[in-house]
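Hints given; two lone chains; assemble the complex.
If you're matching them up, the sequences are chains S and D in order. Numbering-wise, the first sequence is residues 1 to 358 according to my numbering. Numbering-wise, the second sequence is residues 1001 to 1255 according to my numbering.
Take the hints with a grain of salt, since some may be wrong.
[Claimed, not checked] Straight-line alpha carbon distances no greater than 20 Å define the calculated EDC-like cross-link-like pairs of lysine to aspartate or glutamate that follow:
#: 1; chain 1: S; residue 1: Lys48; chain 2: S; residue 2: Glu110
#: 2; chain 1: S; residue 1: Lys18; chain 2: D; residue 2: Asp1093
#: 3; chain 1: S; residue 1: Lys148; chain 2: S; residue 2: Asp234
#: 4; chain 1: S; residue 1: Lys77; chain 2: S; residue 2: Glu114
#: 5; chain 1: D; residue 1: Lys1080; chain 2: D; residue 2: Glu1102
#: 6; chain 1: D; residue 1: Lys1058; chain 2: D; residue 2: Asp1027
#: 7; chain 1: D; residue 1: Lys1032; chain 2: D; residue 2: Glu1065
#: 8; chain 1: D; residue 1: Lys1132; chain 2: S; residue 2: Glu273
#: 9; chain 1: D; residue 1: Lys1032; chain 2: D; residue 2: Glu1006
#: 10; chain 1: S; residue 1: Lys356; chain 2: D; residue 2: Asp1018
#: 11; chain 1: D; residue 1: Lys1119; chain 2: D; residue 2: Glu1102
#: 12; chain 1: S; residue 1: Lys13; chain 2: D; residue 2: Asp1093
#: 13; chain 1: S; residue 1: Lys2; chain 2: D; residue 2: Glu1102
#: 14; chain 1: S; residue 1: Lys13; chain 2: D; residue 2: Glu1102
#: 15; chain 1: D; residue 1: Lys1094; chain 2: D; residue 2: Glu1125
#: 16; chain 1: D; residue 1: Lys1218; chain 2: D; residue 2: Glu1197
#: 17; chain 1: D; residue 1: Lys1094; chain 2: D; residue 2: Asp1115
#: 18; chain 1: D; residue 1: Lys1153; chain 2: D; residue 2: Asp1177
#: 19; chain 1: S; residue 1: Lys356; chain 2: D; residue 2: Glu1088
#: 20; chain 1: S; residue 1: Lys2; chain 2: D; residue 2: Asp1113
#: 21; chain 1: S; residue 1: Lys115; chain 2: S; residue 2: Asp234
[Unchecked claim] Now the in silico label distances, taken between C-beta atoms and shown as ranges:
#: 22; chain 1: D; residue 1: Arg1127; chain 2: S; residue 2: Ile279; range: 54 to 60 Å
#: 23; chain 1: D; residue 1: Tyr1192; chain 2: S; residue 2: Leu5; range: 40 to 46 Å
#: 24; chain 1: S; residue 1: Ile346; chain 2: D; residue 2: Glu1088; range: 43 to 49 Å
#: 25; chain 1: S; residue 1: Lys13; chain 2: D; residue 2: Ile1225; range: 34 to 40 Å
#: 26; chain 1: D; residue 1: Arg1253; chain 2: S; residue 2: Pro278; range: 38 to 44 Å
These are calculated hints, taken from the structure and not from any lab test. These figures come from a predicted structure and were not determined experimentally. Backbone N, C-alpha and C fix where the C-beta goes; we use that ideal spot for every residue, glycine too.
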Amino acid sequence: MKIYLTIAISTIKMYFRKSQSLFWSLFFPVVMMLGLGFFGFGQFVEPKLGIIDKSNNPESIRFIDELSKKSYIEVEKISELELEKMMLEGKIDVALIVENDFTLNSPNIELSFEKSKEKIANEFYDISQMVIDNMLQGKTSKLNISLKEQSFENENQGYKGFLVPGIVALSIMQSGILGVVFTLISYKTQGVLKRLQATPISPSHFLIGQMLSRLLIIVIQTFLLFFIGVVILDINIALGNIFAWINIIIFSILGSILFLLIGLAISGASPNEDYAAPIANLVTFPMMFLSGVFFKNDILPGWIGDIASMLPLSPLVNSLRESALYGTNTLELVPELIIIIAWIFIAFIVGVKTFKWE
Amino acid sequence: MSKIQEIISVRNLVKKYDDFTAVKGIDFDVSKGEIFGLLGPNGAGKTTTVEILEGLRKPSSGYAEIDGIDVAKNTKEVKKIIGVQLQECSFFDKLSLFEIIEMFSVFYSSKPDIDDILKKVGLLEKRNSYYKPLSGGQKQRLSIAVALVNDPKVLFLDEPTTGLDPQARRNMWELIDQIRNDGKTVILTTHYMEEAETLCDRVAIIDSGEIVKIDSPKNLIKELINSGFKIQKKTQEATLEDVFINLTGKSLREN
Chain S
1 MKIYLTIAIS
11 TIKMYFRKSQ
21 SLFWSLFFPV
31 VMMLGLGFFG
41 FGQFVEPKLG
51 IIDKSNNPES
61 IRFIDELSKK
71 SYIEVEKISE
81 LELEKMMLEG
91 KIDVALIVEN
101 DFTLNSPNIE
111 LSFEKSKEKI
121 ANEFYDISQM
131 VIDNMLQGKT
141 SKLNISLKEQ
151 SFENENQGYK
161 GFLVPGIVAL
171 SIMQSGILGV
181 VFTLISYKTQ
191 GVLKRLQATP
201 ISPSHFLIGQ
211 MLSRLLIIVI
221 QTFLLFFIGV
231 VILDINIALG
241 NIFAWINIII
251 FSILGSILFL
261 LIGLAISGAS
271 PNEDYAAPIA
281 NLVTFPMMFL
291 SGVFFKNDIL
301 PGWIGDIASM
311 LPLSPLVNSL
321 RESALYGTNT
331 LELVPELIII
341 IAWIFIAFIV
351 GVKTFKWE
Chain D
1001 MSKIQEIISV
1011 RNLVKKYDDF
1021 TAVKGIDFDV
1031 SKGEIFGLLG
1041 PNGAGKTTTV
1051 EILEGLRKPS
1061 SGYAEIDGID
1071 VAKNTKEVKK
1081 IIGVQLQECS
1091 FFDKLSLFEI
1101 IEMFSVFYSS
1111 KPDIDDILKK
1121 VGLLEKRNSY
1131 YKPLSGGQKQ
1141 RLSIAVALVN
1151 DPKVLFLDEP
1161 TTGLDPQARR
1171 NMWELIDQIR
1181 NDGKTVILTT
1191 HYMEEAETLC
1201 DRVAIIDSGE
1211 IVKIDSPKNL
1221 IKELINSGFK
1231 IQKKTQEATL
1241 EDVFINLTGK
1251 SLREN
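This is chain D alone, in the form it adopts within the complex (with noise of 0.2 Å):
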């Protein structure tokens, strides 16, 4: 039986705010190169879970470690290995592109190929132009440029599509795909379950706090089958999205 490696390890996490408690003892690993979805609703504990991880939150009780280092304890040395493309966050304008990641290498003393980092996210056309002008999908993509100047070992995604027209949302979604063949670990949060469904390896649904199942995304599926549910409409062959890109084309809407 060979062993998967983990890269990521949480046991028994909590977070307790003054009159909640948003993360409620979770556990799960993440095995290295795998891309590992957090899906739930609105409130569920996905952001926090992930911005604990991140460095951004210290836990209340229990234990996260990246590539065997604490989370808690070691803060700044996990957060030299790790990427993060917050769910809203913006950088500064008035700053070109290539400035602005020229700027975070330097935080990180690191030097990319920051063309080359461009040229990955679709942007080096881009590279003199500011921050604000860019349009919805740009934005994110810069914020994953930004969150590639320290070759991370994982890349944290929180909510990567949300609000992005469907050209946009499958152009990253090529791109989060990409990044993965480059060996990184991705962590991504999503509302959407077809991104889930198209990207991750294995899904962690959590609800209220609490993790309630994890696995593949096609296990999951076959499990709820096999327990007897039927989708009520008969099977279509395409979605409406499907209709949507046949009609408006794949390429992406932006300058």
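Pulled out of the complex, with its shape left as it was, chain S reads as follows (with noise of 0.2 Å):
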């Protein structure tokens, strides 16, 4: 035991006494989140309209019909009740009100949004127009579209909050397996390791305490730029759901083991420095663009979404956008409970197959 803790104590002070890990642990992603968060990446992701139809005839259930076909907008019908959460929760970015009194001749709708959404809003104010104008061909109608800036309790998100949970994901695969794949080689190459064979401990002691240490390292950061994330970028976590903060829990430790074990594999897999930066980028990149952390992986065509979704990262990212944007239930999230342990499964195997000490 004291040796775990000697081990893991040890391993603390070196991290923080290496710039280099605070800096891509920390200041990094928090420079990717403030950079990408305030510059609003949002409309790269289809923009969503939830339709309330109040008047219900068949004129403005025609007009839905032909919005709906727009391939470049997402609609959805929702109910009045409805509205506010989905809203909050970011689900839809505008609502789209027809009024009792829509006929296509007068058509009056009210476009509700709040102030980040006001681009989006205006779009759908220019495709509502250019729907009705092509449903009455030619004859003039009396538009009566109001535009109703929203604040909601809660203003949100937007892709802010989209983004901070897919940062912080990504920053655990990349603390994960970067810091042990070039921690471990350095020790294998300059002997750290073989030196350490030749004490009664088994090497063995030392990899999981340094596995433990880092996973605790992993977790801290995780909290941290979640943290960083309220304070800054001004999101809200779940809204207040405890659902929220013990998902995070699960999945940040979850996720480190996966990622410490694939950067175990990893480096069991390279022979050299040579060969595990290579792997490393090789294993991390496509994750970094195809597991949903900057956008929606749902853009990517058929098969490669099929794909992108069952990369380790992926349900991690999932996992915790769900968590933090709407308190998921933890057992709404067991689809990337399951992925993300058969990844620990695989990844363990590998690494215990592969590692060398020398």
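Below, the structure is given as structure tokens:
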């Protein structure tokens, strides 16, 4: 026990004395979060329109049908009761309310949105107008569209809220894989591991001690990054839902274990630094872009999307995002849990099979 | 006849790799308290032999024991009573020398006076610095300091002076001599014949995995001379190294 403790304390000391490790695990993700968060890449995602049809007459139904045919927007019929919740959770960007007295000749609709979505609302304004003009085939109508800027309580999220959990998951992967690969490879090539082998403790003690302290560091890093997101980017973690925090703890621990093991497997498979860096990049790079860190991976074409959602990072991104944005119940995240645990097994077996001390 | 107490016995030790045999059935004994040298060209099997004794490699056949403990069977027990300085090894960076020694003490479950060890190897004033910026000689001395944490009965030094400048080398010789005076047995491998001649009570000369000869350096030289060997040049009273040391002084060139 004392051996593990000594190794863990020493590892943590070394970690914090190394300026690069702090740079990659904290500074870099924060810069990325702030940069992308303020810049707002949300427009890359298809804007989502929630429609409340108050009049429900044949003309309004036709209008909504026409609107739904547009491939560049996503349309969903919602009830008035759902409106606020869906806006809050970012499931829709703008709400289109078809007023009671709606007719094609006197279209009376309202667009409701929060401030950050003004641009999207303007697009919907133009699209609605275009659709109605097309339906009337040249006949002009007295269009009556009112734009209503609403501020929802807990005014939220938007792309920032989407991005932060993604970056947090990405950092878990980077710290897990790169931290382990570069430390272990340098210990291996410099002969540190060999020297440990000459002591009465088994080197696996050392490895376990290392992994445990890194696990702790990554979990701390996860919470710190979320905290920075809350303080600086003003995002809201799951509207105060306790499930959010439970999920974040569970998934950050499982994610750390997974990527530490993948790091171990990579260090085992690579004979020296010359191989380790390219292999580590080869593993992390595709996931960075395919696992939904920066944009939803449902914009990927069919089979690529299917494969992408099975990559080790995808379930971590999903589960952290679901938890942080909606406080999703842990039970609903069981599919993600299964994929992560399956990968943990695979990485563990590969790691144990390939790892060599020299 | 007083029997000398053997602390290491090696019998018919063999180490085979896939396509070649590194150690071909060697025998030797090391007495308690002596400095025993293993000499030989690169690839002769010195390091393999030492690493079997250190418990880092398993012998293919044969037997070796240290202080009565079977090296192949009770590797862990052997590791507890020996100190090891490896030929190519390194220590954790971003830990102070004190912390490194402290960490290794825990691995050996021993509680040495760390400052005392640092003082012995001449690194006390470096106790708070990191490993990386140390000079070659200082790194070797730290390696010996770490090897001393468990107050070992036998100390293995694998080429401890390779790559050191003459001052650092002589300083290392003094340290090794001092360790012997503390009553420890030292197994030393080296390429430097002068080093072996100065330090070793006995040497084993190994070539191609076999021991060619074991004796004290003095006897080996005497035997060679008796066989009619004559050095071609007239014997000099001093060597170039003596000139070098005389001109540059004995003090260590490192901070």
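Tested hints:
A threshold of 20 Å between alpha carbons decides the hint, and for Lys48 of chain S with Glu110 of chain S the separation of about 16 Å falls inside it, so the pair holds. Taking the CA atoms of Lys18 of chain S and Asp1093 of chain D, the gap is near 9 Å; set against the 20 Å cutoff, the hint holds. Taking the CA atoms of Lys148 of chain S and Asp234 of chain S, the gap is near 24 Å; set against the 20 Å cutoff, the hint is violated. Among the hinted pairs, Lys77 of chain S with Glu114 of chain S is consistent with the structure: their alpha-carbon atoms are about 19 Å apart, no more than 20 Å.
Note on Lys1080 of chain D and Glu1102 of chain D: the hinted pairing holds, with a Cα-Cα distance of about 16 Å set against a maximum of 20 Å. Between the alpha carbons of Lys1058 of chain D and Asp1027 of chain D the distance comes to roughly 16 Å, so the proposed pair stays at or under 20 Å and holds. With a CA separation close to 13 Å, the supplied pair Lys1032 of chain D and Glu1065 of chain D stays within the 20 Å bound. Distance check on the hinted pair: Lys1132 of chain D and Glu273 of chain S sit about 19 Å apart at the alpha-carbon level, within 20 Å; holds.
Our distance criterion of 20 Å between C-alpha atoms is met by Lys1032 of chain D and Glu1006 of chain D, whose separation comes to about 6 Å. This hinted pair checks out: Lys356 of chain S and Asp1018 of chain D have alpha carbons roughly 18 Å apart, not beyond 20 Å. At most 20 Å may separate the alpha-carbon atoms for a hinted pair to count; Lys1119 of chain D and Glu1102 of chain D meet this at roughly 15 Å. Note on Lys13 of chain S and Asp1093 of chain D: the hinted pairing holds, with a Cα-Cα distance of about 11 Å set against a maximum of 20 Å.
For a cut-off of 20 Å, the pair hint linking Lys2 of chain S to Glu1102 of chain D stands: about 12 Å separates their Cα positions. For the proposed pair Lys13 of chain S and Glu1102 of chain D, the alpha carbon gap of about 14 Å is at most 20 Å, so the pair holds. As the CA atoms of Lys1094 of chain D and Glu1125 of chain D are separated by approximately 17 Å, the hinted pair is consistent with the 20 Å bound. Among the hinted pairs, Lys1218 of chain D with Glu1197 of chain D is consistent with the structure: their alpha-carbon atoms are about 8 Å apart, no more than 20 Å.
Of the pairs offered as hints, the one joining Lys1094 of chain D and Asp1115 of chain D holds, with about 19 Å between alpha carbons and a cut-off of 20 Å not exceeded. Of the supplied pair hints, the one linking Lys1153 of chain D and Asp1177 of chain D holds, its CA atoms being roughly 15 Å apart against a limit of 20 Å. At roughly 17 Å between alpha-carbon atoms, Lys356 of chain S and Glu1088 of chain D fall within 20 Å of each other, so this suggested pair holds. Taking the CA atoms of Lys2 of chain S and Asp1113 of chain D, the gap is about 19 Å. The hint holds against a cut of 20 Å.
Our distance criterion of 20 Å between C-alpha atoms is met by Lys115 of chain S and Asp234 of chain S, whose separation comes to about 15 Å. Evaluation of the 54 to 60 Å hint for Arg1127 of chain D and Ile279 of chain S yields a failure: the beta carbon distance comes to about 39 Å. Taking the beta carbon of each, Tyr1192 of chain D and Leu5 of chain S are about 42 Å apart, inside 40 to 46 Å as hinted. A hinted range of 43 to 49 Å for the beta carbons of Ile346 of chain S and Glu1088 of chain D is inconsistent with their spacing of about 34 Å.
For Lys13 of chain S and Ile1225 of chain D, the hinted distance range of 34 to 40 Å is not satisfied, since their beta carbons lie about 58 Å from each other. A C-beta distance of roughly 40 Å is found between Arg1253 of chain D and Pro278 of chain S, which places it inside the suggested range of 38 to 44 Å.
Violated hints, in rising order: 3, 22, 24, 25; the structure is consistent with all others.
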